[in-house]
Amino acid sequence: MTTVDLTRRPLTGRRLLNKIAEHALAVAFALCFLLPLLISVLTAFMTQRQAGTGSLWPSPWDFGNFGRVFRAMPFGRDLLNTVMYAALATVGTVVSSVPVAYALSRLRWRGREAFFMVVLAAMMLPAQVTSLPLYVLYSHIGWVGTLKPLIVPSFFGDAFSIFLLRQFFLTIPEELTEAARVDGAGELRILLRVMIPMTRPAIAAVGLFAFLYAWNDFYNPLLYTGNSQSGQTLAVALTQLAKSGHQNAYQLQMAASLMFLLPVLVLFFLAQKVFVEGIAMTGIKG
Numbered sequence: 001m002t003t004v005d006l007t008r009r010p011l012t013g014r015r016l017l018n019k020i021a022e023h024a025l026a027v028a029f030a031l032c033f034l035l036p037l038l039i040s041v042l043t044a045f046m047t048q049r050q051a052g053t054g055s056l057w058p059s060p061w062d063f064g065n066f067g068r069v070f071r072a073m074p075f076g077r078d079l080l081n082t083v084m085y086a087a088l089a090t091v092g093t094v095v096s097s098v099p100v101a102y103a104l105s106r107l108r109w110r111g112r113e114a115f116f117m118v119v120l121a122a123m124m125l126p127a128q129v130t131s132l133p134l135y136v137l138y139s140h141i142g143w144v145g146t147l148k149p150l151i152v153p154s155f156f157g158d159a160f161s162i163f164l165l166r167q168f169f170l171t172i173p174e175e176l177t178e179a180a181r182v183d184g185a186g187e188l189r190i191l192l193r194v195m196i197p198m199t200r201p202a203i204a205a206v207g208l209f210a211f212l213y214a215w216n217d218f219y220n221p222l223l224y225t226g227n228s229q230s231g232q233t234l235a236v237a238l239t240q241l242a243k244s245g246h247q248n249a250y251q252l253q254m255a256a257s258l259m260f261l262l263p264v265l266v267l268f269f270l271a272q273k274v275f276v277e278g279i280a281m282t283g284i285k286g
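Heads up: the sequence shown at position 30 corresponds to 30 in the UniProt record's numbering, and the numbers run straight through without jumps.
No lab work stands behind these hints: they were computed from the structure.
All figures in this text were calculated on a predicted structure; none of them were measured in a lab.
Careful: at least some of the hints might be erroneous.
The calculated label-pair distances, taken between Cβ atoms and stated as ranges, are [as the list claims (entries may be wrong)]:
id : residue 1 : residue 2 : range
1  : P60       : I39       : 11 to 21 Å
2  : G52       : L270      : 29 to 39 Å
3  : A26       : Q247      : 33 to 43 Å
We put the CB at the ideal spot given by N, CA and C, even for glycine.
Could you put together the complete structure from these sequences and hints?
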């Protein structure tokens, strides 16, 4: 005797048309977002003559553009600067933001709520507002032209990261930290042994956010290291490639952009699950 699955209704003509319309709309939006990336990939494999004519398909394929980028600009040195900036800024943001978020969520002290309001205000403050006084300060202490203005401030906390981690810490039952205090554990031990192991997804999400921001950051490297060749990052160097006699070499610009984008894409796909999980769990309690 055969059984009939009553939960799956057969597609009638109208429901079938609705399904096709939904998928067609999704595919159309996906193509809109992927089209610029697809054009960049195809242009990176063209000859300079083809790239200048507006061709959409490389014929023949030129795989030498990626090697020519290293001769057109100091790509290796700029890549190393970008890696240093992104890695150290990520470490600094995580190391400094976790204790502050713990203090704002688990410790009771006078002025805690006022301090949290200051953190929220700092999160909403445009970076351009503080650029001038910070530039004057860094100029006086001789940091302009180096990576120090980009890396050192990250070790003093980031407002958005503190807010995100605080929201996640609030989802952990208070009884766990109270039980640890009853057993004689200090606050540092509670943070290291209880809170951090339970908040790894949120910490990973904060680390990814910090890394992506630093990797793609254009404004701060342009402001503090724009006139320095030795301290330049890739985000700034790519714009200067077009001004240094390669303004018509679109294939080189696309090849350099793809090499700049590749580490971020690999990192995102490798850590996509942790990234999404961390964001979802930080939104459980507002």
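33 to 43 Å as the expected CB spacing between Q247 and A26, which holds or is violated: holds (38 Å)
Pairwise beta carbon distance, G52 to L270, judged against the given window 29 to 39 Å: holds (37 Å)
For the range 11 to 21 Å, tell me whether the beta carbons of P60 and I39 fit it or not. Cβ of P60 to Cβ of I39: about 18 Å, so the range 11 to 21 Å holds.
When the structure is compared with the earlier hints, no violation turns up for any of them.
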